[in-house]
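Here the protein sequences line up with chains A and B, keeping their order. Just so it is clear: in the first sequence, position 272 is 272 by this note's numbering, and no numbers are missing. Just so it is clear: in the second sequence, position 308 is 308 by this note's numbering, and no numbers are missing.
These are calculated hints, taken from the structure and not from any lab test. There could be a bad hint or two in this list.
Unchecked claim - Looking from chain B toward chain A, a few residues come up when the C-beta cut is under 8 Å (computed):
(1) M5
(2) K337
(3) A339
(4) Q407
We treat Cβ as the ideally placed atom computed from N, Cα and C, and that holds for glycine.
One-letter residues, chain by chain:
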Amino acid sequence: MANVTIDGIKVSVPDGSTILQAAQVAGVRVPTLCYHPDQAVKANCRVCVCEVEGQRLLQAACSQPVYDGMVVKTHSPKVVEARKTILELILAHHPQDCLSCIRNQNCELQALAEEYAIRENPFEKMVRGLPKDTSTPSIVRDPDKCVLCRRCVYACSVFQSVNALGLENRGNHAMVVPSLGKDLLDSPCVMCGQCIHACPVGAITENEQIDEFLAAVADPDKVVVTQIAPAIRVAIGEEVGMKTGEMPMEVFVAGLRQLGFDYVLHTNFTADLTILEEGNELLKRLKEGGKLPMFTSCSPGWINFCETFYPDLLDNLSTCKSPQQMFGALVKTYWAEKMGIDPAKIYSVSIMPCTAKKFEASRPEMKDSGFRDVDLVLTTREVGRLFRMAGIDFSKLAPSKFDSWMGAYTGAAVIFGATGGVMEAALRTVYEVVTGKTLEDLNFTFARGMEGIKEAEIDLDGTKVKVAIGHGLANARKLMDQVRAGQSPYHFIEIMACPGGCIGGGGQPLTKANVKRAERIDAIYVEDEGLPLRKSHENPEVKVLYEEFLHEPLGHKSHELLHTHYTPKNKKFL
Amino acid sequence: MAEEMRVVLRNYGKIDPLKIDDYINAGGYKSLEKARSMSQMDVINEVKKSGLRGRGGAGFNCGQKWTFAYQAQADQKYVICNADEGEPGTYKDRIIMENDPHSVLEGMAICGYAIGATKGYIYCRGEYPYVVDILNTAIAQAKEKGVLGNFDVEVRMGAGAYVCGEETALIESIEGHRGEPRYKPPFPPVIGLWGKPTIVNNVETFANIAVILEKGADWYAGLGAPSYPGTKVLTLTGDVVNKTFVEVPTNTTIRQVIYEFGGGIAGGKAFKAVQIGGTSGGFIPASLLDTQIDFDSMAAIGATLGSGAVLVMDETRDIVDVVERIAKFFEHESCGKCAPCREGTMRMHKLMSKVNQGKGTAQDVALMDKLGRVMSVACLCGLGQAAPSPVLTTIKHFKADYDAKLQ
Ligand SMILES: Cc1cc2nc3c(=O)[nH]c(=O)nc-3n(C[C@H](O)[C@H](O)[C@H](O)COP(=O)(O)O)c2cc1C
Ligand code: SF4
Ligand code: SF4
Ligand code: SF4
Ligand code: SF4
Ligand code: FES
Chain A
1 MANVTIDGIK
11 VSVPDGSTIL
21 QAAQVAGVRV
31 PTLCYHPDQA
41 VKANCRVCVC
51 EVEGQRLLQA
61 ACSQPVYDGM
71 VVKTHSPKVV
81 EARKTILELI
91 LAHHPQDCLS
101 CIRNQNCELQ
111 ALAEEYAIRE
121 NPFEKMVRGL
131 PKDTSTPSIV
141 RDPDKCVLCR
151 RCVYACSVFQ
161 SVNALGLENR
171 GNHAMVVPSL
181 GKDLLDSPCV
191 MCGQCIHACP
201 VGAITENEQI
211 DEFLAAVADP
221 DKVVVTQIAP
231 AIRVAIGEEV
241 GMKTGEMPME
251 VFVAGLRQLG
261 FDYVLHTNFT
271 ADLTILEEGN
281 ELLKRLKEGG
291 KLPMFTSCSP
301 GWINFCETFY
311 PDLLDNLSTC
321 KSPQQMFGAL
331 VKTYWAEKMG
341 IDPAKIYSVS
351 IMPCTAKKFE
361 ASRPEMKDSG
371 FRDVDLVLTT
381 REVGRLFRMA
391 GIDFSKLAPS
401 KFDSWMGAYT
411 GAAVIFGATG
421 GVMEAALRTV
431 YEVVTGKTLE
441 DLNFTFARGM
451 EGIKEAEIDL
461 DGTKVKVAIG
471 HGLANARKLM
481 DQVRAGQSPY
491 HFIEIMACPG
501 GCIGGGGQPL
511 TKANVKRAER
521 IDAIYVEDEG
531 LPLRKSHENP
541 EVKVLYEEFL
551 HEPLGHKSHE
561 LLHTHYTPKN
571 KKFL
Chain B
1 MAEEMRVVLR
11 NYGKIDPLKI
21 DDYINAGGYK
31 SLEKARSMSQ
41 MDVINEVKKS
51 GLRGRGGAGF
61 NCGQKWTFAY
71 QAQADQKYVI
81 CNADEGEPGT
91 YKDRIIMEND
101 PHSVLEGMAI
111 CGYAIGATKG
121 YIYCRGEYPY
131 VVDILNTAIA
141 QAKEKGVLGN
151 FDVEVRMGAG
161 AYVCGEETAL
171 IESIEGHRGE
181 PRYKPPFPPV
191 IGLWGKPTIV
201 NNVETFANIA
211 VILEKGADWY
221 AGLGAPSYPG
231 TKVLTLTGDV
241 VNKTFVEVPT
251 NTTIRQVIYE
261 FGGGIAGGKA
271 FKAVQIGGTS
281 GGFIPASLLD
291 TQIDFDSMAA
301 IGATLGSGAV
311 LVMDETRDIV
321 DVVERIAKFF
331 EHESCGKCAP
341 CREGTMRMHK
351 LMSKVNQGKG
361 TAQDVALMDK
371 LGRVMSVACL
381 CGLGQAAPSP
391 VLTTIKHFKA
401 DYDAKLQ
């Protein structure tokens, strides 16, 4: 332990702690900009510099380890002068168009400017004037706003092992640029949006499509239908001043009706459906000697990753569409027919935790209903903005139920939102289908939590199935390299592109730290526990769907509407 | 009359640098042999006791640095000779390597023995390809003779960026990354090249090692200034009569360097200023010429010894114009990693141009002063920390030159 004095407050902290950590213990908040709690220290913004007694140089609190007897001043006049000057330098080279910026009131730089009372900037304002990158349907980069903290580069290369972002030029011309391509579309980017969470400012954002939604609800000829992904409910409250998991499902539904949706349905319905299709596909592959291990296919960032980096393993991917796209194909066929609505009038909006879903919905093959299956994808953050725009007081809103035929769901669908959830949901069903027995304990706890790679061997009444779960694409890469090398011991592998699974998706409320992801995961399992039905094959509306429309899993209609194929990206750099 | 003292350049002009036997006949590689008969810690203690401090600019006690690397536990350690010599006007490392490459190799091998490293790199400035040839010849001959034992040395060509002379940027560059400094601590002797304990020393530092072991720490500690003993190789440029290099004891004064070794100001003009230590060195006015060149005396007047470059300016030099050019140099050489240097060097250049063009105000000068002070304490590496010192020292000592250009 080291005894350290921070602004006159004496604390004892473990050896090797940084000044930043010691200050936290002392109850002093030292401002940061390049610091990220789950990333390696960068120490490049210098906003956190502090005065250490006996040293001429100021030291970066995020990188400087403490020593016994260290005396630190975190806000001395010398420190404040330095910090203010550094902020002035950064701001003078920044557009400062906060009013029209997507990060207005949720921006680390803006917050620092407020904290340090930056008023008259002595440095003349200059903006680089670099063009925005709008090449993908998912992610928008605005390099003029970049403060070069490099947190996105770290997220993309270390968490995701994609390396789509890199640095170019030196000195004042240094820029973060898409690597190996002229823009993001041309780069290996898989559109997962993890760089958005990493970015302290508005330099990387989702492709916001709020205006398209407003135009759709304003059009009297459109029947605007929505589906909500499993990971949304636990997080949406964070956008409107509630705690994680606090928003009740039926209040959320009521809020969506206030926004002008004509029908509110649930992606959970097609998550349950996915289990029946994918579970049966796995059993078929096991029985008939199909390609193994089989990989889950519900995470479009992961699909992009597989198509980009592992085109040789595309046959291992389940042919099941993601729940979003299954929903899209069914809502304009089965549901339209059942409701007596002209499918041409249906405008299908999905609410997703995911930026890659925006891309997925735009894939040319996703038109099996005869129309574009999903017309618009809004992220959780965009819906949060719409809620704030509508001025809804959720504490006063009367609950409302989902609409029929594609709104029912089980706990198995709810847990799709967390890493390991698809695996657990599949095992709940596969076990009962294979053994014909009722599962005593529904909780496959090995599958839960933030551990990067989880694995288990499941005994299905004598048939042993080895499974693995990876989340975050760097972990996916480890599992895939094993498969490619012919050394994978597994039969079934679940991959979600984002750390923590969809609850940490690129479209979720900004999530700097993994502790927030863990909190959302906890909320997901609380919801699962509380539901009367927790196995996908018990979903009553899914049963009706099979009876009246699909007839059987993997049947003719399923193949037409619910399954897809994959295409190698053949990017020139690979 | 002050006299040169050739310790580092002991073999200059006396041996053929391409012949290892010349070096050996002059007593070369005896110190390495001697070191190997001593314990590692005894070697380090001898270097420590000599008081030798780094000649690359930072002036850190050499033996102390070696102790850290010796104490660090690792399966591999490295010795790197910093021969990047990117300072404009500096060529003292080149003189040493060209004329006595084995003195550097011997120093590195002694360091390798002392800290437990079997691999060394010489990171040589890209603009010195002929020096690389000389070094490679020397390494080949030393290998053939077997004098280096199990110590292997390899020459790496620098990437051309000034910042790559900074030890951690140099390490990144050898590792094949962008040449950008790392934050410190951890320092290279603990976590360096490929994460292993690494000693980075300057060419001149290594060239001192063999003599120290040969003649003893006490002898060395008695040379020059007690707090920074030994000699320093200086390169004289600018408006001096003798544009040359000299090796002098560290208690020599700036005045002696300019007037006795440099022969005074050329063309009979009057002295205006001298900048010592390279582009980032402080500007020194006539009133401070009796300062000794040792590290601490220079620091006390807000200047540096740095690499030992001595740039003399006569009365006709436009100080503000000179400093504007320096500001431009640093804007260009900033690696761009940290905010105060990336943005600050650019702003400093802009403000200096404005003032130099006669468009500046007193507020601009005050802003440069504040910006310079902030950069000097807040930047990530020595480049950004030292970049403002020409501005700061000229505002301090040559304020009238600025005032004359204000609106
Ligand atoms: C921008 C910058 C450039 C530097 N260039 C050199 C150089 O060319 N040669 C050198 O020996 N040290 C250079 N240094 C100093 C090194 O970082 C390091 O302190 C030195 O190599 C250590 O060796 P020494 O202890 O023997 O002086 C530079 C430092 C900075 C900040
Ligand atoms: S990134 Fe932040 S500081 Fe910059 S314009 Fe947007 S809100 Fe303002
Ligand atoms: S969206 Fe994902 S893959 Fe693309 S740049 Fe961002 S982190 Fe990298
Ligand atoms: S885009 Fe954002 S995260 Fe990336 S370096 Fe710029 S400011 Fe940092
Ligand atoms: S001070 Fe300058 S050169 Fe050094 S790390 Fe910062 S930007 Fe790079
Ligand atoms: S937060 Fe410490 S330097 Fe950026």
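Comparing the hints with the structure gives:
{"no.": "1", "hint": "M5", "in the structure": "violated (31 Å)"}
{"no.": "2", "hint": "K337", "in the structure": "holds (5 Å)"}
{"no.": "3", "hint": "A339", "in the structure": "holds (5 Å)"}
{"no.": "4", "hint": "Q407", "in the structure": "violated (16 Å)"}
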